[in-house]
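K.L.:
Join these two chains into a complex; the hints should help.
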Amino acid sequence: AQKVTQVQTEISVVEKEDVTLDCVYETRDTTYYLFWYKQPPSGELVFLIRRNSFDEQNEISGRYSWNFQKSTSSFNFTITASQVVDSAVYFCALTWNTGGFKTIFGAGTRLFVKA
Amino acid sequence: DTEVTQTPKHLVMGMTNKKSLKCEQHMGHRAMYWYKQKAKKPPELMFVYSYEKLSINESVPSRFSPECPNSSLLNLHLHALQPEDSALYLCASSRTGPPDYEQYFGPGTRLTVT
Numbered sequence: 003a004q005k006v007t008q009v010q011t012e013i014s015v016v017e018k019e020d021v022t023l024d025c026v027y028e029t030r031d032t033t034y035y036l037f038w039y040k041q042p043p044s045g046e047l048v049f050l051i052r053r054n055s056f057d058e059q060n061e062i063s064g065r066y067s068w069n070f071q072k073s074t075s076s077f078n079f080t081i082t083a084s085q086v087v088d089s090a091v092y093f094c095a096l097t098w099n100t101g102g103f104k105t106i107f108g109a110g111t112r113l114f115v116k117a
Numbered sequence: 014d015t016e017v018t019q020t021p022k023h024l025v026m027g028m029t030n031k032k033s034l035k036c037e038q039h040m041g042h043r044a045m046y047w048y049k050q051k052a053k054k055p056p057e058l059m060f061v062y063s064y065e066k067l068s069i070n071e072s073v074p075s076r077f078s079p080e081c082p083n084s085s086l087l088n089l090h091l092h093a094l095q096p097e098d099s100a101l102y103l104c105a106s107s108r109t110g111p112p113d114y115e116q117y118f119g120p121g122t123r124l125t126v127t
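Respectively, the protein sequence lines represent chains A and B.
The opening position of the first sequence corresponds to residue 3 in the working numbering, with each subsequent residue numbered one higher.
The opening position of the second sequence corresponds to residue 14 in the working numbering, with each subsequent residue numbered one higher.
The shape of chain B in the complex, shown without the other chains (with noise of 0.2 Å):
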C-alpha cells in the first residue's frame, strides 16, 4: 500500500467555523507533513512530524492546529480561518525524518474560506 489517503476532498467553512483535516498512510512511514498550495503556485511548507512529534512548525498562524495522534494519521485543525486561507492542503509521508527521503502525497483537501 503507496497511498496517503486525505478526507475530505472538499471543504467550505465559514470564518467562524471550527473543522478538522484528515491524513493517513499504512506505509510505515515516520515522518508526515502538511503542505498549503495557493493555485498556480508551488506548495508551502506548514508542518512537520517525526516520529510524533512536531519538529517544523514555518511559522505558521494559530488558526492552523496540527495533531499526529499516532504514526500513520495526521490531523489539521483549522479555527476562525480567513478568506486568504483558500487553498489545496496537501499531506506528505516519508520513510523516516527529512530531508533526504522522498515524500509521497495524498491528494489534496481543496479548502474554501467563506
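Chain A extracted, bound-state conformation (with noise of 0.2 Å):
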C-alpha cells in the first residue's frame, strides 16, 4: 500500500538550530513523485519542493536542504539556522500515477521555533 509516514508529530527548537523533518514513503509504483509543503497558521500551504522517483540528486535553497534516498524510501527536510518565521506545520506528499492520479500526504510535522 502507498503510504507517507512523518513519526515527527512537534518539534520544538530555538531560533539558530538547525532542524530535520523525517519523512518516510511506501510504494510499489516506480515512478512517483515527492513534494514537501508548509502550512503557515494562515492555512495556505506553499509549495516547497518536489523530487521525481529518477532523480536523487540532494538540494539546497538558501536555508533549506533536502536527502532524498531511494534505498531507504526517504526525503528528509532540514532547516539550518531556524527562524520564528519558519514556525508551521509541514507536510511531505506523494504522488503517482497508476491507475489513475493519487496523492497522499503525510501526517504533518508541527514546527515550533522559539525566539
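These are calculated hints, taken from the structure and not from any lab test.
The structure presented is a predicted model; accordingly, all values stated were derived computationally and were not measured.
Only true hints are included.
Computed, partial: chain B to chain A, Cβ under 7 Å:
(1) PRO56
(2) LEU58
(3) ILE69
(4) PRO111
(5) PRO112
(6) ASP113
(7) PRO120
The C-beta atom is built at its ideal place from N, Cα and C for all residues, glycine as well.
P.N.:
Listed below in C-alpha cells is the structure:
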C-alpha cells in the first residue's frame, strides 16, 4: 500500500538551531513524485520542493535542504539556522499515476521555533 | 500573478442550505483541485479537473458537486451538508494535469455546518 509517514508530530527548537523533519514513504510504483509543503497558521499550503523518483539529487535552497534516498525510501527536510517565521506545519506528500492520479499527504510535523 | 484566490474566507451554513465555494487562478494552469482538511489533519483530495474535465472524484458524497466553468474558475456546490463536513476547503492548481507538477494552493474557505 502507498503510505507516507512523518514520525515527528511536533518539534520545538530555539531560533538558530538546525532541525530535520523526517519523511518515509512506501510505494509499489517505480514512477512517483515527492513534495514538501509548508502550512503556516494562515492555512495556505506553500510548495517547497518536488522530486521525481528518478532524481535522487539532493537540493539546497537557502536555509532549506532536502535529502532523498531511495534505498531507505526517505525524503528528509532540514532547516539550517531556524527562524521564528519557520514555525508552521510541514507536510510531505507522495503522488503517482498508476490507475489514475493519486496523492497522499503525511500527517504533518508541527514545528515551533522559539525566539 | 502566482495566486490562487478563494471566496468566501469563512462560511457558516445550515444543513438545509445550498451554498457555493469559488476558486480562481490566472496562472494559465490547466489542472485544478479541491481538498478537504479537518483540524490537525492532512489535506484529503476530493476532486481533480484536468483541462476543464473532471478526471478524479475520490468517492466524495453527492452533496458536494464540483464545477469547472472555464480554465480559470473552479466551484464547489454544497447542498444538504452534515456537521461532520465542517472543515477547511482548499483549492489548488497546477500547470498541467497531475501527478508531477507542484500545486499552488489558495488560502481556503473555513466551512462550519450547523
